[in-house]
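*Asks:* Given next are the chains, with one letter for each unit.
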Amino acid sequence: MYGIGILKGLGVTLKHFVETYVDDFRWLGKRYYNEEAYAVRQGPKATGIFTVQYPEEKLIIPENFRYLPFILYEEKDDGSIEDRCTSCGICPKICPPQCIWIVRSNDPETGRPIPAPTEFFIDIDICMSCGLCAEYCPFDAIKMDHVFEIASYERMEHHILNKEQLSKPVSYYSSIQPKNFRREEEARVAKEAAKAAKKKEREAKKAAS
Amino acid sequence: MTEGLNNPDIPIPDELAGSIAITTLDKIYNWGRRSSIWPMMFGLACCAIEMIATAASRYDLSRFGMEVMRPSPRQADLMIVSGTVTKKMIPVIVRLYNQMPEPKYVLAMGACASGGGPFKEGYNVVAGVDKFIPVDVYTPGCPPTPQALLHGLITLQKKIDKQSILKVNWYRKEAIPAIPIPILGPDLIDPRDYEKIRNLPPVQEESTAEA
Numbered sequence: 009m010y011g012i013g014i015l016k017g018l019g020v021t022l023k024h025f026v027e028t029y030v031d032d033f034r035w036l037g038k039r040y041y042n043e044e045a046y047a048v049r050q051g052p053k054a055t056g057i058f059t060v061q062y063p064e065e066k067l068i069i070p071e072n073f074r075y076l077p078f079i080l081y082e083e084k085d086d087g088s089i090e091d092r093c094t095s096c097g098i099c100p101k102i103c104p105p106q107c108i109w110i111v112r113s114n115d116p117e118t119g120r121p122i123p124a125p126t127e128f129f130i131d132i133d134i135c136m137s138c139g140l141c142a143e144y145c146p147f148d149a150i151k152m153d154h155v156f157e158i159a160s161y162e163r164m165e166h167h168i169l170n171k172e173q174l175s176k177p178v179s180y181y182s183s184i185q186p187k188n189f190r191r192e193e194e195a196r197v198a199k200e201a202a203k204a205a206k207k208k209e210r211e212a213k214k215a216a217s
Numbered sequence: 049m050t051e052g053l054n055n056p057d058i059p060i061p062d063e064l065a066g067s068i069a070i071t072t073l074d075k076i077y078n079w080g081r082r083s084s085i086w087p088m089m090f091g092l093a094c095c096a097i098e099m100i101a102t103a104a105s106r107y108d109l110s111r112f113g114m115e116v117m118r119p120s121p122r123q124a125d126l127m128i129v130s131g132t133v134t135k136k137m138i139p140v141i142v143r144l145y146n147q148m149p150e151p152k153y154v155l156a157m158g159a160c161a162s163g164g165g166p167f168k169e170g171y172n173v174v175a176g177v178d179k180f181i182p183v184d185v186y187t188p189g190c191p192p193t194p195q196a197l198l199h200g201l202i203t204l205q206k207k208i209d210k211q212s213i214l215k216v217n218w219y220r221k222e223a224i225p226a227i228p229i230p231i232l233g234p235d236l237i238d239p240r241d242y243e244k245i246r247n248l249p250p251v252q253e254e255s256t257a258e259a
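Each protein sequence line maps, in turn, to chains A and B.
Following the numbering used here, the numbering of the first sequence begins with 9 at its first residue and continues without gaps.
Following the numbering used here, the numbering of the second sequence begins with 49 at its first residue and continues without gaps.
No wet-lab data here; the hints were simulated from the structure.
Virtual Cβ for every residue (Gly too), placed ideally from N, Cα, C.
Each hint should be verified, as a subset may be incorrect.
[Claimed, not checked] Derived CB-CB ranges, DEER-like: (1) B/Arg111 x A/Lys101: 40 to 48 Å; (2) A/Glu71 x B/Arg111: 25 to 33 Å; (3) B/Arg118 x A/Lys66: 25 to 33 Å; (4) B/Ile231 x A/Tyr161: 24 to 32 Å; (5) B/Arg118 x A/Leu67: 23 to 31 Å; (6) B/Arg118 x A/Arg190: 48 to 56 Å; (7) B/Arg118 x A/Pro123: 53 to 61 Å.
[As the list claims (entries may be wrong)] Not the full set, but computed from the structure, chain B residues with beta-carbon under 8 Å of chain A: (8) Ser105; (9) Arg106; (10) Gly163; (11) Gly164; (12) Cys190; (13) Thr193; (14) Leu198; (15) Ile202; (16) Thr203; (17) Lys207.
Build the full structure now, drawing on both the sequences and the hints.
*Replies:* This is the structure we're talking about:
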């Protein structure tokens, strides 16, 4: 008999339709805009419609989700701010679509380059979110952000981000990517310990000879 | 509540000050338009996949009244330029834009449509569709996730909310001139010259040996 497949397909739709109302009764009208219900709706036991009610509810973003890059700065105990970026220029070189632009400057007294960017621009309408800059940065100074709500009416005004707009504290990074942050900190501590041990060894050798 | 209604953000003549008619009409008009933005059904590159995902049940464009993807420009209100625009495609896109009835909006989706993206200096790609048609909302991302696209569409709705019947340019007496359609220009590489290039007479060797 013809048409069985169509009926089966429509049956699936009907099942979801009915289940949505059954779910409504189960949650007593709290099916939407409710964190508990949201977790169930997005889980494997979801029944009925599983639509994310976007502006009110947002999808849980995985840690390694990457959207656009941002640069990190350290907050010292005395309230001062220090850029992690040393303006070494690896990220603009590695960037495949070449969307990063760094301005360096020299110390007017000594004439030596200042190890921090004077200006840092990223054109987010060029960036292809590959994350290579974050991967290649030797100082963990540039990372990928989770913010995606950045649509605007003007490209030139809002989509060419300067250093002020790009800079975010390390505490923000540890809040969006806690696992990665912990791993990097551990690696850094281990590296510094190894360096110190090597130095000690060398000094001991010097003293012996 | 009437305070807000009586003081709209649009210039009204003094003798009409305090009249609530125009504001109410604006609100109904804008509410109607913002709740039924029908996008044109076309996708250009990988961003189109995200656009399709946005229209599917998980993100569900129909919550905003935008589920009716129209394959004809005559029935569409919104052009989502979803993806890389090549030089060969831009005349077609401009023509489609001219064919859309007012009010019409353009949303540049993703890096390529907004600024050229990774192909910004490519030989065959237009570095930003805004050089050829007026873009209302730019949505960065490569590609924008469905939620980012929804945010772009909500931004567009906010723009529509601010518009007023008195100010919009599609109720004027004179017709809005069409946007000039760019012509695919002559390229350095012309396949028609291939035959000529191949069939060149062989280079005459200079008879230096005799001398």
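*Asks:* Compare the structure with each hint and give your call.
*Replies:* Comparing the hints with the structure gives:
1. B/Arg111 x A/Lys101: 40 to 48 Å: This hint holds: roughly 44 Å between Cβ atoms.
2. A/Glu71 x B/Arg111: 25 to 33 Å: holds, 28 Å
3. B/Arg118 x A/Lys66: 25 to 33 Å: holds, 29 Å
4. B/Ile231 x A/Tyr161: 24 to 32 Å: holds, 29 Å
5. B/Arg118 x A/Leu67: 23 to 31 Å: At roughly 28 Å between Cβ atoms, A/Leu67 and B/Arg118 fall inside 23 to 31 Å, so the hint holds.
6. B/Arg118 x A/Arg190: 48 to 56 Å: holds, 50 Å
7. B/Arg118 x A/Pro123: 53 to 61 Å: holds, 56 Å
8. Ser105: Cβ of B/Ser105 sits 6 Å from chain A, so the hint holds.
9. Arg106: holds, 6 Å
10. Gly163: With Cβ-Cβ at 3 Å, under 8 Å, it holds.
11. Gly164: Interface hint status for B/Gly164: holds (7 Å vs cutoff 8 Å).
12. Cys190: OK, holds: B/Cys190 within 8 Å of chain A, min 4 Å.
13. Thr193: holds, 6 Å
14. Leu198: Holds: closest Cβ of chain A sits about 5 Å from B/Leu198, inside 8 Å.
15. Ile202: The hint holds - B/Ile202 has a Cβ within 8 Å of chain A, the shortest such distance being about 6 Å.
16. Thr203: holds, 4 Å
17. Lys207: holds, 7 Å
When each numbered hint is compared with the structure, no violation occurs for any of them.
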